[in-house]
Amino acid sequence: MVWQEWEQLKADAAERHSPAMQINSAPKGDDGGGGGAWGGLRSSKAAWTKAGDGVGGLREGLGKALAKLEEGQAGLGGLDGCQSAAAQREVHRSWERYVKDVSKRCGSLGELLAKMGSDQQKTDDTVRAEIEKLKDVYADTSALGGQPKER
Amino acid sequence: MDDSGKEPQKREEKDSTDDAAKLSSQILDIMGLKGKVTKAAPGAYPCGDRDHEKYYAVHHPWSVYDVPVPDMEKAMKRLKEELPQRGWKVTGYGPDSSRAKSLQLGAEFSEKKFKVVITLQDRRGRSKDPSILEVDLGSACFQYPDKSS
Amino acid sequence: MDYKTLKSLKPSEFEDAADGYRATSDMASAAKDRIENLVAPGMRTSLEGKTQEAALQQLKALSQNFHYTQTECGLIATSLNALAHDLASAKRKLDSAVADAQAEKFTVNPDGSVTYPAAGEKTDGKLPEGGTAKGTTDDAAADVYRQSANFNPNPNFGRAQEYANRIAAALQEATEADGEWAPKLRALKADDDLTVSHRDWADVQSDTRGVNKGAKEYLETLGGPPKDGTPQDNAKWWKSLTEEERADYVALRPASVGVLDGLPADVRDEANRTVLAEKRAQFHLELNSFPPMPMKYQPPTSGTTREYREWVERTGGEDRLEFLRNSIKGMDTIQDRFDRTGQGPDGLPRAYLLGFDPKGAGDGRVIIANGNPDTADHTAVYVPGTGTDLAEIGGDLKRSDDLWATTSSKVPGREVSTITWLDYDVPRSAKPVVEGDLIPEASNPKWAIRAASPFSEFMSGVQEAQGGPQASHTTVVGHSYGSTVIGEASKHGDLASDDIVVAGSPGMQTKHADNLDVENGHVWAMKAEGDAVPTLGSLVGLGEDSTVPTDPEFGANVMKTDTDGHSGYWDSDSGRPSLSLKNQAAVIAGKYDEVVLK
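Protein chains in written order, with numbering that gives the first Met the number 0: chain A, 0 to 150; chain B, 0 to 148; chain C, 0 to 597.
Extracted from the complex, chain A is given alone in its bound form (with noise of 0.2 Å):
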């Protein structure tokens, strides 16, 4: 079930061929901006914006990935003595909801990156420390003694 969408993206993500630019007209020599044809490439706004979109665009494969595991539980209702039937419904319940808390981070990472983009900007540090404070979050439950999994 590999969707036309995530396919097209892979083969963007490829690049294959090294990037170029048209030259249609020769550029003007010292126009003052930053450097002519190759300045403003390192722009940095943009390179936070587009890793914030980057990251909040994931959001929809993942709706898609929940929609799809739904689909496919449809005919395993009420299957009582089977246990598998049972286990599976464990099983799905547990990955329901690690793709719907992993979208969660997606779209606040995603915001977070964004933000430091926008012309709201707030300081560097005030970002950074947002997105420390995001390591508490997701923190690994078994060093909190959290849940062991059965196995």
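Since the hints were made in silico from the structure, they are not lab data. Bear in mind that the values here come from a model prediction, so they are computed numbers and not experimental data. Glycine included, each C-beta is placed from N, C-alpha and C at the ideal position. Heads up, a few of these hints could be off.
To be verified - Capping the alpha-carbon separation at 25 Å, the derived lysine to any residue pairs in SDA-like fashion look like this: (1) C:K328 - C:D376; (2) A:K134 - A:S102; (3) A:K103 - A:D139; (4) C:K3 - C:D94; (5) C:K397 - C:D18; (6) A:K44 - A:E59; (7) B:K79 - B:V66; (8) A:K67 - C:D18; (9) C:K559 - B:D135; (10) A:K134 - C:R43; (11) C:K90 - A:S102; (12) A:K103 - C:H197; (13) A:K132 - C:D191; (14) A:K114 - C:A60; (15) B:K127 - C:A470; (16) A:K67 - C:Q63; (17) A:K67 - A:E95; (18) C:K9 - A:S107; (19) A:K134 - C:K49; (20) B:K13 - C:H197; (21) B:K114 - C:V595; (22) B:K114 - B:K127.
As the list claims (entries may be wrong) - Heads up, incomplete: computed chain C residues facing chain A, CB under 7 Å, no partners named: (23) T4; (24) A22; (25) T23; (26) S45; (27) A189; (28) L284; (29) L286; (30) E306.
Stated by the list, open to error - Derived DEER-like restraints, expressed as beta-carbon distance ranges: (31) C:E242 - B:S96: 31 to 41 Å; (32) B:K79 - A:K134: 55 to 65 Å; (33) B:K100 - C:R449: 42 to 52 Å; (34) C:D318 - A:K134: 56 to 66 Å; (35) A:K132 - C:G394: 15 to 25 Å; (36) C:R208 - A:G106: 32 to 42 Å.
Fit chains B and C to the supplied structure of chain A, relying on the hints for placement.
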């Protein structure tokens, strides 16, 4: 690059790479070609054997292609004539030492301490890959400015 | 499992559920790729500073969430497919027995027993009674029933008993499969936090083993790669599988898939990255919990202490410790390469891990490509020389990066892939006395002879995955003893390459370039100022008749160098590639006339 033992100039990396980009744009401008140019931006690198925490040099390699070779030949001539008018000193113009004996131009921009080597690789008849104007722009060593506390 | 349940169960519904997990796994794989090869590199090139570092750390953690999801959901899908396969087999047997019973107008009861009507010869005007046969899976009991059937006047008894037994057997098969898979499925529940720890990856590894055990029969239906297959055989087998079957095979056997020559690069990469994640976790856990070394000596007693010897036997001792530390160092180096994607003026392309194994042929297996070789116009395979191993692979990976960048700038608009190939037992030393060898290990061709076949197979596999010999222009680049490996592989006419470049070669086991398996005129050799290895090599006889590739009588194109020593061939000065490096790039790019000859 030979600094003749002088201590490298203190300059912010961003300023040096911006200078490289400007000089490359100037060269592209003089070429006056319509085609494709590679996007890679200038970068800073360790300078020879020097302490890489203190010193750096800028390198900007790029190429022009999808341009007919006769146009590239005209571009090389234009560079030879116009670079000196823009503060460059042409240090060499002639075939390189490869079997192809490709036309190569060398020039120096001493005020900001840059050197460029431009080679016309005419690949007609010997490769399916495009002919290119290969540009190799490099700087002398610079020093990172002292960090303000 | 009871009759009612198995009767109404549709195994295909487990397969439908599997599809949902498969889709999730595929989504996670694409998301991980996007983060690692698009978002993170984009940030690395454009940003810097502490905030960027913190953000990249979070991105890495998020990427781990996706990688974990990819592998676990892949395993769940495979488990459900295997479960469906096992239940379907039981259900077929059930349905067949029930159909046979019902064809004779017997009644199958809710408990699986079979009720048969009166039949047979009348005695005293009455037909022998009907009855209900309860099935058994016990052989002894079944025998007893069979015996008593001979004495039963109702001929239906024997057959009803047989049907009941078959039903019981089917139910038992289903019960066993159900009982086996339920705990394995539960083990695949998602972690309850979003930190993918070493423990979590170790759990994935053991989950994989558990699923493999359960899916043995299912695996058999998939078949496996042909035993001792050529890369062509392997490719053929892979192409014969459906998408679903391929995904199941990768989930169950990532290490096997990762090492199969002839398979596409992205398949090998995905499998090997899973192995890498699992091994890294496993080794960290082992190192962190390694029992401390007891006192080794206790004078005046001579020799080692008993406690020390027991510790060595139990844990593997200092050797194991060194292996763990070196392996982790090597794995960190590989991760560093992944983290370099996007950097450099041309933007280092994503890496493909075509081979990974901490042990390999003895020095570890690391095969990494810059860019996808399957679609490259120009491909290079770099074979390192003496002293290389997994722990020290960093320098070699950088050389491959520099070869990629310099070659790419020679052919803008074309795709280039450079591959580092370490998959042989590498001799320790090339110079006398170094590493304690009076006679350097590298004076012995046996390592090269042993490496020849795996190297040939690898090259053949790359060619196969590319689509044949015409698909890409290929160059092999051998450094030092790596060139001897190439010579050995090539001597026997089995090297899938168009050009051979050797740097600092001590000999290629043959006395003339024309004996190597490339067209005449396509062998290129370099020896830098201050590189003593070629001379040493000619003295110990790694070349034939003391001839090494930079000798005029060898007949190779000798390229000019401007670097020093045995290891400078890939140097750049202030970012500008040396002539030594540029000449290699010219050959790799197929621009032979742009080489500067000596």
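So, going through the hints one by one against the coordinates:
Of the pairs offered as hints, the one joining C:K328 and C:D376 is violated, with about 33 Å between alpha carbons and a cut-off of 25 Å exceeded. Only pairs whose Cα atoms come within 25 Å are accepted, and A:K134 paired with A:S102 is accepted, the gap being roughly 16 Å. For the suggested pair A:K103 and A:D139, the alpha carbons sit about 17 Å apart, so the restraint of at most 25 Å is met. Only pairs whose Cα atoms come within 25 Å are accepted, and C:K3 paired with C:D94 is accepted, the gap being roughly 12 Å.
With a C-alpha separation of about 41 Å, the suggested pairing of C:K397 with C:D18 is violated against the 25 Å cut-off. A distance of roughly 24 Å separates the Cα atoms of A:K44 and A:E59; the hinted pair therefore holds under the 25 Å criterion. Annotation: proposed proximity of B:K79 to B:V66 holds, straight-line Cα distance about 19 Å (limit 25 Å). The suggested pairing of A:K67 with C:D18 holds, with an alpha-carbon distance near 8 Å, which does not exceed 25 Å.
Of the supplied pair hints, the one linking C:K559 and B:D135 holds, its CA atoms being roughly 20 Å apart against a limit of 25 Å. With a CA separation close to 21 Å, the supplied pair A:K134 and C:R43 stays within the 25 Å bound. A threshold of 25 Å between alpha carbons decides the hint, and for C:K90 with A:S102 the separation of about 39 Å lies outside it, so the pair is violated. Note on A:K103 and C:H197: the hinted pairing holds, with a Cα-Cα distance of about 23 Å set against a maximum of 25 Å.
Between A:K132 and C:D191, the direct Cα distance comes to roughly 19 Å. Compliance with the 25 Å bound is thereby established for this hinted pair. Among the hinted pairs, A:K114 with C:A60 is consistent with the structure: their alpha-carbon atoms are about 20 Å apart, no more than 25 Å. For the given pair, B:K127 sits about 14 Å from C:A470 by alpha-carbon distance, which is consistent with the 25 Å threshold. Under the criterion of a C-alpha separation no larger than 25 Å, the hint pairing A:K67 with C:Q63 is consistent with the structure, at around 22 Å.
A C-alpha spacing of about 11 Å is found between A:K67 and A:E95, which places the hinted pair at or below 25 Å, so the restraint holds. With a C-alpha separation of about 41 Å, the suggested pair C:K9 and A:S107 falls outside the 25 Å cut-off, and the hint is violated. Between A:K134 and C:K49 the CA atoms are separated by roughly 15 Å; this keeps the pair inside 25 Å, and the hint holds. For the hint pairing B:K13 with C:H197, the CA-to-CA distance comes to about 40 Å; that exceeds 25 Å, so the pair is violated.
Restraint check for B:K114 and C:V595: the C-alpha separation of about 21 Å stays at or below 25 Å, so the hint holds. Distance restraint check for B:K114 and B:K127: the Cα-Cα separation of roughly 31 Å exceeds the 25 Å cut-off, and the hinted pair is therefore not satisfied. The beta carbon of C:T4 is positioned within 7 Å of a beta carbon in chain A (closest approach about 4 Å), and the interface hint is therefore held. A distance limit of 7 Å between C-beta atoms decides the matter here; for C:A22 the minimum to chain A is near 4 Å, and the interface restraint holds.
Here the hint on C:T23 is kept, as its CB sits about 4 Å from the closest CB of chain A, short of 7 Å. Proximity of C:S45 to chain A holds as hinted, the smallest CB-CB distance being about 3 Å (cut-off 7 Å). Because the closest C-beta pair between C:A189 and chain A is about 4 Å apart, less than 7 Å, the hint holds. For C:L284, the shortest C-beta to C-beta distance to chain A is roughly 12 Å, which exceeds 7 Å, and the interface hint is violated.
At its closest, the beta carbon of C:L286 sits 18 Å from a beta carbon of chain A; the interface hint therefore is violated under the 7 Å criterion. Here the hint on C:E306 is broken, as its CB sits about 32 Å from the closest CB of chain A, past 7 Å. At roughly 54 Å, the beta carbons of C:E242 and B:S96 sit outside the given window of 31 to 41 Å. Our hint of 55 to 65 Å for B:K79 and A:K134 holds, since their Cβ atoms are close to 59 Å apart.
The hinted range of 42 to 52 Å is satisfied by B:K100 and C:R449, whose Cβ atoms lie roughly 44 Å apart. Between C:D318 and A:K134, the C-beta spacing of about 37 Å breaks the proposed range 56 to 66 Å. For the pair A:K132 and C:G394, the supplied restraint of 15 to 25 Å is violated, since their beta-carbon distance comes to about 39 Å. Between C:R208 and A:G106 the Cβ separation comes to about 35 Å, which falls inside the hinted range of 32 to 42 Å.
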